[in-house]
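Asker: Full structure from sequences and hints, please.
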Amino acid sequence: MHPEPQHPEPQHPEPQHSEPQHLEPHEHGPDEVPHTHPDPGVDPHAPLHSGPRALRVGIGGPVGSGKTALVAALCRALGEQLRLAVVTNDIYTTEDADFLLRNGVLPAERIRAVETGCCPHTAIRDDISANLDAVEDLESSLGPLDLVLVESGGDNLTATFSKGLIDRQIFVIDVSGGDKVPRKGGPGVTTADLLVINKTDLAPLVNADLSVMERDAKARRHELPTVFLSLAEDRAAAPVADWIRGLVAAREHGREL
Amino acid sequence: MSLATLLLLADGRLPSGGHAHSAGLEAQVSAGRVRSVADLDGFLRGKLATSALVSAAFAAAACAAPAAFAGLDAGLDARTPSPALRKASRAQGRALLRAGRAMWPVAAIGREPHQPVALGALASAAGLSPHEAAVAAAHGTITGSASAAVRLLGLDPYAVHALLARLAPECDRIAELAAARSGDPVDELPAAGAPLLDIGAEHHATWEVRLFAS
Ligand SMILES: Nc1nc2c(ncn2[C@@H]2O[C@H](COP(=O)(O)OP(=O)(O)OP(=O)(O)O)[C@@H](O)[C@H]2O)c(=O)[nH]1
Ligand SMILES: [Mg+2]
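Chains as they are written, first to last, in the working numbering: chain A, 1 to 257; chain B, 258 to 471.
Each hint should be verified, as a subset may be incorrect.
[Stated by the list, open to error] With a straight-line Cα cutoff of 20 Å, these simulated DMTMM-like cross-link-like pairs (lysine to aspartate or glutamate) come out:
no., chain 1, residue 1, chain 2, residue 2
1, B, Lys344, A, Glu136
2, B, Lys344, B, Glu369
3, B, Lys344, A, Glu109
4, B, Lys344, B, Glu465
5, B, Lys344, A, Asp137
6, A, Lys180, A, Asp201
7, A, Lys218, A, Asp234
8, B, Lys344, A, Asp133
9, B, Lys344, B, Asp455
10, A, Lys163, A, Glu139
11, A, Lys180, A, Asp209
12, A, Lys163, A, Asp193
[What the hints assert, rightly or not] Listed next, the stretches of chain B that the computed footprint assigns to chain A, with coverage defined by at least 3 CB atoms under 8 Å from CB atoms of chain A:
no., segment
13, 414-423
14, 457-469
Read the hints as simulated data drawn from the structure, not as lab findings.
We put the beta carbon where it would ideally sit given N, CA and C, even for glycine.
Answerer: Below, the structure is given as structure tokens:
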């Protein structure tokens with residue numbers, strides 16, 4: 001074992017080597033296979049993309065609350081104006097993509113699926129690498145994008161996105177679980193940048209009192225916005241699309257989100 | 258050497274994409290070949306004798322000479338007949354590299370190297386030895402599958418960790434074997450394979466519902 005770290009400094013070529021090293025003849029040990037190493041320390045690959053990267057918005061929430069329906073609505077509302085792509089984290093690897101394809105809102109090459117190893121929250125919070133790679137792959141295959149939506153797998157009320165993955169997050173709950181959900185709180189309800197309470201069309205059927213939900217959401221979230229929605233009726237999720245347009249415009253004007 | 262640095266590199270909480278991979282276990286669980294802790298014991302011993310040995314040897318070699326990454330990478334391609342497993346290894350290498358670059362100045366080894374090559378390069382950048390890289394590789398191979406088993410089969414996590422503790426000496430032995438060969442030419446590095454896992458991985462990649470990426 002080495003007594004000392006062997007590479008305490010970044011492995012950039014030393015400045016005193018003024019001539020390009022890879023053109024110099026150099027010795028290979030007898031046991032080496034032929035190989036090339038033009039410039040150790042210099043990444044031969046072009047940077048993935050230049051310029052500002054896309055706005056990334058995470059969409060989380062419990063199973064079946066309407067995350068994919070919201071993604072579809074946003075694609076309908078924004079697909080003409082913004083260059084957008086979607087990353088999904090569903091266990092049914094093609095379900096969400098099929099839904100978006102079937103509804104004609106997004107072509108297949110704009111959708112990437114990520115597997116989460118039974119831990120949907122891990123993939124969006126603790127180890128975001130697969131999601132980051134998916135976003136980067138979309139940007140490198142499609143060119144610059146304005147907006148990437150990352151839909152998390154359906155999870156519980158504690159699942160939130162890492163700031164390392166997304167810029168802003170939307171938490172989607174629905175009224176059919178009863179009007180107690182905002183009162184329960186949890187990081188999703190409490191801290192999401194936008195809370196969407198979906199399926200208001202079902203409220204009378206499950207005796208959910210929307211005014212109670214509104215009051216509890218306000219108590220939990222203070223100044224953070226909450227919108228009520230019925231994606232069954234509003235097929236373009238107007239208030240959410242407006243909220244996202246505002247974020248994109250703010251970025252274009254160079255304002256920090 | 259820094260023991261704490263080695264522990265960081267081997268920690269399952271390192272955000273390096275490992276949590277989404279079962280290293281072939283999901284396919285074998287679905288085929289009914291792994292159902293219990295005893296079955297998992299057999300599965301992990303098989304892994305140690307095959308993919309762990311190969312990974313450890315390549316991680317040690319990459320740690321000893323990160324600049325030789327291209328040859329090592331090609332050597333792993335040659336040892337990985339399943340395209341799905343090549344893809345899984347490269348995806349994990351890329352993710353590991355992302356984590357590594359946040360921690361240490363890692364040498365350029367391409368954008369999506371095989372996981373053991375990335376691991377060796379990280380170990381080198383962190384000032385660790387080829388032997389330590391080999392230990393991290395062998396340890397990661399079995400702990401990743403073991404964690405997937407807990408999630409897929411609902412096995413008792415204490416029983417699974419007891420199994421990992423029993424396997425630790427074997428893991429050390431494999432790492433030592435691997436490290437001893439880290440200076441060998443690529444073509445002579447270990448090449449043990451597991452054809453059933455290769456076949457399983459190819460089937461797994463076609464499933465519509467899968468929980469793990471591999
Ligand atoms: N009545 C009613 N049904 C809705 C509404 N929004 C979505 N749904 C339905 O609710 C079901 C689940 O919607 P999805 O969009 O798939 O929910 P999800 O959150 O993506 O679900 P997972 O990804 O499985 O967690 C579907 O059958 C939708 O058609 C709504 O506003 N009202
Ligand atoms: Mg969905």
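Asker: Work down the list of hints and note, for each, if the structure agrees.
Answerer: Right, here's what the structure says about each hint:
For the suggested pair Lys344 of chain B and Glu136 of chain A, the alpha carbons sit about 16 Å apart, so the restraint of at most 20 Å is met. A distance of roughly 9 Å separates the Cα atoms of Lys344 of chain B and Glu369 of chain B; the hinted pair therefore holds under the 20 Å criterion. Distance restraint check for Lys344 of chain B and Glu109 of chain A: the Cα-Cα separation of roughly 19 Å lies within the 20 Å cut-off, and the hinted pair is therefore satisfied. Distance check on the hinted pair: Lys344 of chain B and Glu465 of chain B sit about 18 Å apart at the alpha-carbon level, within 20 Å; holds.
A hinted pair counts as satisfied when its Cα atoms are at most 20 Å apart, and Lys344 of chain B with Asp137 of chain A qualifies at roughly 14 Å. Taking the CA atoms of Lys180 of chain A and Asp201 of chain A, the gap is about 17 Å. The hint holds against a cut of 20 Å. For the proposed pair Lys218 of chain A and Asp234 of chain A, the alpha carbon gap of about 23 Å is over 20 Å, so the pair is violated. Taking the CA atoms of Lys344 of chain B and Asp133 of chain A, the gap is about 13 Å. The hint holds against a cut of 20 Å.
Using a Cα cut-off of 20 Å, the hinted pair Lys344 of chain B and Asp455 of chain B holds, with the two alpha carbons roughly 12 Å apart. Distance restraint check for Lys163 of chain A and Glu139 of chain A: the Cα-Cα separation of roughly 19 Å lies within the 20 Å cut-off, and the hinted pair is therefore satisfied. Distance hint between Lys180 of chain A and Asp209 of chain A is fulfilled; the C-alpha atoms sit about 9 Å from each other, no more than 20 Å. Our distance criterion of 20 Å between C-alpha atoms is met by Lys163 of chain A and Asp193 of chain A, whose separation comes to about 12 Å.
Counting residues of the segment 414-423 of chain B whose CB falls under 8 Å from any CB of chain A gives 0; the rule of at least 3 is not met. Residues of the segment 457-469 of chain B lying with their CB closer than 8 Å to a CB of chain A number 6, which satisfies the three-residue condition for coverage.
Checked against the numbered hints above, the structure violates hints 7 and 13; every other hint is satisfied.
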